[in-house]
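Q: Sequence:
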Amino acid sequence: MDSGSAHFWQTDTNVFMPTDHAEVQSRWAEDHVVGAAITGLAALTLDTAFGLPDFTPARLTVDLFKSPRRVPTTTTVDLVRDGRRVRNSVCTMKQEGVAVARAVLVQYRRSAAPDGHEWTPTEEKLEAPSLNGLTAQNGAVRQLQSGGVGWTSEIADHQNAARKRVVIRSVDIVAGQPNTPFVQAAAAAEATSLVTNLGTAGVGYINGDLTVALTRLPRSDWICVHADTHWASDGISVGTATLVDDSGAFGSGLVTALSNRHAQIDFAEAPPG
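Per this note's numbering, the sequence shown runs over residues 13 to 285.
What the hints contain is simulated information worked out from the structure, not anything from laboratory work.
These numbers come from a predicted model, not from an experiment.
A portion of the hints provided could be inaccurate.
Here are the in silico distance ranges between beta carbons for each label pair [to be verified]:
(1) Ala125 x Thr23: 42 to 50 angstroms
(2) Ala111 x Thr23: 17 to 25 angstroms
(3) His274 x Glu166: 23 to 31 angstroms
(4) Asp246 x Leu64: 41 to 49 angstroms
(5) Arg273 x Gln149: 23 to 31 angstroms
Note that the Cβ used here is the ideal one computed from N, Cα and C, for glycine as well.
Could you build all of it, start to finish, from the sequences and the hints given here?
A: If you want it as structure tokens, here you go:
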């Protein structure tokens, strides 16, 4: 991805300015920044500060305290635990002195698997569509598929009650810093909210968090986010998705969300992007 389509410019050691690209991709409000940008920035910041070659970033949980806006975003990090097999770290993102998000990263040292066999679901073979030549929308090059609808790049084509999946490749989070596999996974997993909360009338839930759980890092430049479950009651939804690359399933995404019906997004009426 070229740096002109990145979500942020880095203006100081720990200060990042959202770009036009990050702002215009958000449909909730004109000056809001998409969740994938904040999730990706958290992953990039923690990976840069605390990533080690022998450890896998096994879980990233991002709590979204308030909608981020297009203003300078400051990141601070803390290594909470530096164990031999487990490392825990935290990243807080602030705008105008107020925390807008907080991310917790758990890293595990890789090792040999235990003896025996465990149950695993049967994997569906994915024939991923090509993303070459497509224009970035919502911060990524993407193709969606649902029910009897084939692969298309427009969300409006998939406003139905069928199971959904999206093959996605994120733009760079920070200009001039190519996404690492971990950052790519974190940014792509934010689409868990889209594939689980998109229904016949669009998206009426807004997620307040994202958890990304990985057994390994992705091996391809695209990631498929495949909806697994969607449960809803009293205006609260829980959605889970499986993350897949060209080597198979490697992790999961989970989001909790609350009803936002008065600002529901009907993609059939909203402009593309």
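Q: Hint by hint, say whether it matches the structure.
A: How the hints compare with the structure:
no., hint, in the structure
1, Ala125 x Thr23: 42 to 50 angstroms, "44 angstroms, holds"
2, Ala111 x Thr23: 17 to 25 angstroms, "19 angstroms, holds"
3, His274 x Glu166: 23 to 31 angstroms, "24 angstroms, holds"
4, Asp246 x Leu64: 41 to 49 angstroms, "43 angstroms, holds"
5, Arg273 x Gln149: 23 to 31 angstroms, "24 angstroms, holds"
This entry satisfies every hint, going by the numbered hints stated previously.
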